[in-house]
Structure formats: structure tokens, C-alpha cells
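Asks: Given next are the chains, with one letter for each unit.
Protein chains: 2
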Amino acid sequence: MILTVTLNTALDLTYRVRALRPHGSHRVSEVVERPGGKGVNVARVLAALGHRTTVTGFAGGATGRQVQDALLAVPGVTDALVPVSAATRRTIAVVDETTGDTTQLNEPGPPVTAREWSAFQEAYGDLVAAASVVALCGSLPPGVPVGAYATLIRAARAAGVPVLLDTGGEPLRRGVAARPDLVKPNADELAELTGSHEPLRATLDARRRGARAVVASLGPDGLLAVTPEGRWRATAPARLSGNPTGAGDSVVAGLLSGLVERLPWHDRLVRATALAAATVRAPVAGEFDRRTYDELRARVTVTGGTSAA
Amino acid sequence: MILTVTLNTALDLTYRVRALRPHGSHRVSEVVERPGGKGVNVARVLAALGHRTTVTGFAGGATGRQVQDALLAVPGVTDALVPVSAATRRTIAVVDETTGDTTQLNEPGPPVTAREWSAFQEAYGDLVAAASVVALCGSLPPGVPVGAYATLIRAARAAGVPVLLDTGGEPLRRGVAARPDLVKPNADELAELTGSHEPLRATLDARRRGARAVVASLGPDGLLAVTPEGRWRATAPARLSGNPTGAGDSVVAGLLSGLVERLPWHDRLVRATALAAATVRAPVAGEFDRRTYDELRARVTVTGGTSAA
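First to last, the protein sequences are chains A and B. Residue numbering for the first sequence is 1 to 309, as defined by our numbering. Residue numbering for the second sequence is 1 to 309, as defined by our numbering.
Here are the simulated distance ranges between beta carbons: (1) A:Val31 with B:Arg16: 20 to 28 Å; (2) A:Asp69 with B:Ala159: 34 to 42 Å; (3) A:Val284 with B:Gln121: 36 to 44 Å; (4) B:Ser118 with A:Val284: 34 to 42 Å.
Treat the hints as calculated values from the structure; they're not laboratory data. From the three backbone atoms N, C-alpha and C, an ideal C-beta is built for every residue, glycine too.
Throw the hints in and build the complete structure from the sequences for me.
Replies: Encoded structure:
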């Protein structure tokens with residue numbers, strides 16, 4: 001099975017309103033409720049691709065129960081979230097029907113105690129032993145040490161299980177130094193890590209800092225991969241309009257599934273690029289449109305190759 | 001006991017953000033979670049005044065359980081909410097720390113089935129038999145007939161229990177025709193009911209439509225009462241700045257407690273006015289500031305009297 005870790009899970013709510021006006025009162029015409037957090041989104045995409053996936057991280061309070069109840073309903077996903085006493089956060093995406101814009105409100109994560117963090121590490125050790133690959137995804141809730149991902153990467157490496165890291169800021173900086181097999185920063189995370197806004201230079205630098213391979217997700221500019229086997233750039237056939245929420249999580253799911261299936265890098269990048277584009281085009285944030293995915297796989301451009309490494 | 005009815009209960013969330021910008025992403029710095037809906041707010045104020053109060057209406061889903069769990073923690077309030085299969089709505093008040101403004105997002109209420117409405121009426125009949133007074137408060141969720149309050153008013157009158165109605169629109173129009181003992185419209189509700197924006201004319205008209213007494217809450221202009229015993233106007237000593245959310249519910253609590261204690265109208269209006277002002281001044285929407293309440297009771301102005309009826 002594939003293991004995804006989401007320390008800062010969320011109950012994601014999407015609200016539709018006619019037009020968002022600060023200081024106004026709004027009737028929400030539609031509410032969509034989903035279990036969220038990056039690793040949970042990755043697991044949902046993996047399950048849709050036919051990979052059995054286990055979700056771990058923290059869940060607490062009434063909102064945590066809602067996340068766990070909703071996970072029960074996703075075929076192919078197993079819930080292995082660890083209990084915390086504080087409540088799982090909510091995130092609210094307010095979609096303005098007039099402009100199409102989305103306004104995001106993110107609650108703070110639940111404070112995690114030292115004892116809870118300890119209990120998580122124990123559960124994680126058991127789960128890693130049964131995993132073919134591990135993905136560490138998203139932000140850290142308060143109370144979890146900033147070096148948490150470095151600790152979890154070392155444990156996975158000690159168990160001989162490949163590990164992917166998708167986070168930002170100081171947790172990314174410390175995590176990269178612990179030598180993960182793959183990191184997937186976006187342009188902002190890459191610039192913050194390396195100080196460079198030039199994608200190739202920054203991606204090479206991120207690799208030098210300890211990651212075995214780096215796949216940078218550059219939004220409409222596609223993916224830039226720097227790996228021991230070579231360098232590639234992958235782009236979708238056209239700039240797609242839609243909601244980019246969750247596109248990065250679909251890239252992670254594409255890379256993980258390709259790794260488990262031992263696909264060559266070229267094919268992993270085609271899959272990840274097509275999945276990201278199909279997520280941008282889906283009507284609900286974080287889902288992917290299966291038809292768009294099937295259509296785009298034949299039309300993704302990958303340049304570069306094994307000689308460029 | 002006092003019985004308050006909230007057919008459209010809510011889980012009320014208050015979010016603090018630095019500055020609300022449409023299309024932006026916001027970290028919520030503080031989340032306050034409370035059981036809500038007008039009758040629930042009324043019950044909380046009544047309990048704080050020392051009156052045993054029972055709350056009925058509907059509760060469903062995870063949010064309904066959160067409302068019921070939170071009610072357990074309020075001394076003096078008994079939960080008699082009736083289960084529905086759909087989930088209780090959330091309301092979100094986003095407080096902008098820079099401007100002090102509040103932006104409101106209200107989810108739609110849960111669809112109520114004919115069978116659930118029937119089960120509620122049966123439970124209501126039993127509760128009314130044990131009540132000294134009933135208050136019917138707020139909007140109707142989808143599926144509840146627009147004449148619902150008229151039906152509930154007739155049942156209370158048949159049981160010889162005085163009944164107060166606090167709602168707007170068509171449910172108010174139909175409810176007034178069923179001859180409640182008291183209605184408490186605000187200026188907008190009164191204008192919509194009567195077509196008149198002149199408060200005294202509109203209040204007299206509302207009484208002619210069937211209400212035994214009308215107390216109009218006119219915001220900073222205070223209360224205007226037209227009753228069989230006389231007419232009064234009550235005003236707080238000064239225009240208070242603060243959050244007016246819940247001030248109307250505090251007026252209802254003041255009027256209900258005064259009725260149960262058989263206070264003369266003058267004293268009921270003093271209490272209701274001071275409570276409303278103390279609610280505007282409280283740091284959390286819908287709570288009241290006890291010291292402001294105690295101070296203001298001596299300083300509320302009431303004009304009019306029994307001769308003017």
C-alpha cells in the first residue's frame with residue numbers, strides 16, 4: 001500500500017455565494033463538505049487510479065470525526081488517523097458566482113501535545129513497515145516540532161521505504177537535509193528554500209541540499225524534474241482555465257503511482273502533468289476529470305532526457 | 001419553565017481575520033463556536049437571568065450533535081431538540097480586525113421531511129403543556145410549511161399558554177393572523193408586514209392584524225410597545241457602539257422573563273432595553289455584559305403609559 005501522511009488534516013467546506021461583499025450578509029446557496037489536507041487529497045486521487053492507500057496524520061473533535069466518517073466512504077482508502085484531543089481545523093473556500101473568484105478562510109490547526117506526537121511516531125513506524133512508498137504532505141499543526149518531517153524521512157529511509165516530501169518553509173528546509181527520495185515544491189516554496197526565482201537554478205540547488213530528486217510544479221509552466229536519471233520538463237498542451245486547488249496534490253499522486261508501478265520518469269511526468277490539468281478542469285476543487293485526464297495523457301509534451309543529468 | 005422554539009438552529013462560528021480581502025487567502029487567528037439560532041440565544045440569556053428554559057426545534061448531523069453537546073454545558077438550559085436526518089446549518093461571522101466590520105455567511109437550513117415536522121409537532125404539544133410561556137423564534141428551514149408558526153401559536157393558545165413570535169416575512173404575516181400574545185418585529189420586519197416605514201403607524205397596524213401586543217425593536221431608537229394596557233417607548237441612555245448581533249434575542253428574553261415574573265410593562269421594557277444594550281456592548285456576539293446591564297437598568301428612559309392605549 002501507499003502511505004500518505006497529513007499532520008494538519010482539515011474538513012474542507014466549499015461555499016457558493018452570489019457575490020462576496022465584505023461587511024455584507026450572504027446566503028450560501030450550496031455547501032460541499034470533504035475530508036481535506038494535502039495527503040488526504042493525494043490518497044483520493046491514488047485510490048481513483050486503483051492504488052490502495054492508507055491515510056495517517058491527526059484527527060480530533062467533531063470535525064475530525066466528520067473527516068473520518070467521510071474517508072470511510074472513499075473506496076480504496078484506509079483511515080489510520082491518530083486521535084488528538086483538540087479539534088481538526090476547517091477550511092472554507094467561498095466561491096463568488098459573479099466573478100468566479102475564490103476567497104479562502106483557513107482555521108488554525110489543533111494544538112498537538114508531545115504525548116500525541118509521540119503516539120503518532122509509533123503508529124507511523126508500524127505503517128511504514130507495510131508501505132511501498134510514503135508521502136509527507138502539507139503544513140504542520142502547532143505543537144509538532146519544525147523538524148518533524150526530517151524525523152519521519154529518517155524513519156522511512158531506515159525502513160528502506162522511498163519517501164516523498166511536499167511542504168514549504170522551514171519544515172521543507174529541514175526535511176530536504178534529511179535526504180528524501182523526492183521533493184515536490186511549487187515555485188514559491190522553491191524560491192523560499194533556495195533564494196532563487198530562476199526555476200532550473202533553484203531546482204538544481206534544492207537537489208544539492210539533499211533531495212535525491214526534485215520535481216518542481218510551476219503552475220501553467222508545467223513540471224521541471226531534476227533526478228539522478230536525467231532532467232525533464234513536462235507541459236500540458238494548453239493553458240487550462242479552472243480551479244488550480246489540488247493540482248499540486250494530483251502531481252504528487254501521479255509521481256507516487258508512477259514510482260510504485262516502476263514507470264520510467266518520462267511516463268511518470270506525463271501522468272502527473274495530465275492529472276494536474278484534469279484537476280484544474282474538474283468542477284469541484286481537488287477532484288480530477290477522468291475524461292480530460294484520458295485525453296491529455298497523449299498530448300503532454302516532455303523534453304529533456306537521461307543524458308542531461 | 002420557559003419554552004423557546006428554534007426550527008432553524010445553527011452552529012454559529014465567529015472567525016477573526018487580519019483584514020478580509022475577496023479572492024485572498026486568510027489565516028483565521030481565532031475561532032469561537034457556539035450553539036445558535038434565535039431561540040437558542042434567547043434561552044441562554046434567560047438562563048443567565050435565572051429562568052429554567054427548554055430549547056426545542058430541530059438538530060441533525062454532526063453539526064447538530066455539536067449544538068446539542070454545547071447546550072449540555074449551559075446551566076439552566078434543557079435540550080429538547082428533535083432529530084432530523086439532514087445536518088444543522090452553520091453560520092460564519094468573519095470579523096475584520098482592521099475595520100471591525102463583520103461579514104456573515106449563512107448556510108441553508110436542513111431540509112425537513114413531512115414526517116419530521118409531524119414528529120416535532122407531537123413533541124411540541126407535550127412541551128407546551130409544561131411551559132409557562134412559549135417563544136417561537138427565527139426563520140423556517142426548507143420543508144417546514146410557511147404557516148408553521150400559525151399552527152404552533154394555535155396549539156399554545158389552545159393549551160392556555162402565552163406565546164411570543166419573533167420572525168419575519170410570510171411566516172410573520174401568517175403567524176400574526178393566528179393571534180399570538182406578543183410579536184417582536186424589528187423595523188425591517190415591521191415595514192415588510194405593514195408596508196409602512198412610520199414606526200407607530202406600522203406597530204398599530206401589526207396589532208390590528210391579530211397580535212395582542214406588539215413590541216417593535218428599532219435599533220438605536222429603542223423599543224416601541226403597543227399593548228392592551230398602554231403604549232410606551234423605551235430608550236437606552238446613549239447610543240452604544242459594539243456588535244448588535246443578538247440584541248433582538250436579548251429583547252425577547254427580557255420580555256419573556258418579565259411576563260413570567262408578572263412585571264408591569266414599564267419594568268419589562270426597562271429590562272429588555274438594558275439587556276439589548278448590554279448585548280451590543282459584550283465582546284462576543286449574542287452574549288450580554290452583566291455590569292453594563294446592571295448599570296443601565298437605572299438609566300433607561302420609558303415614556304408613555306396606560307392612558308395612551
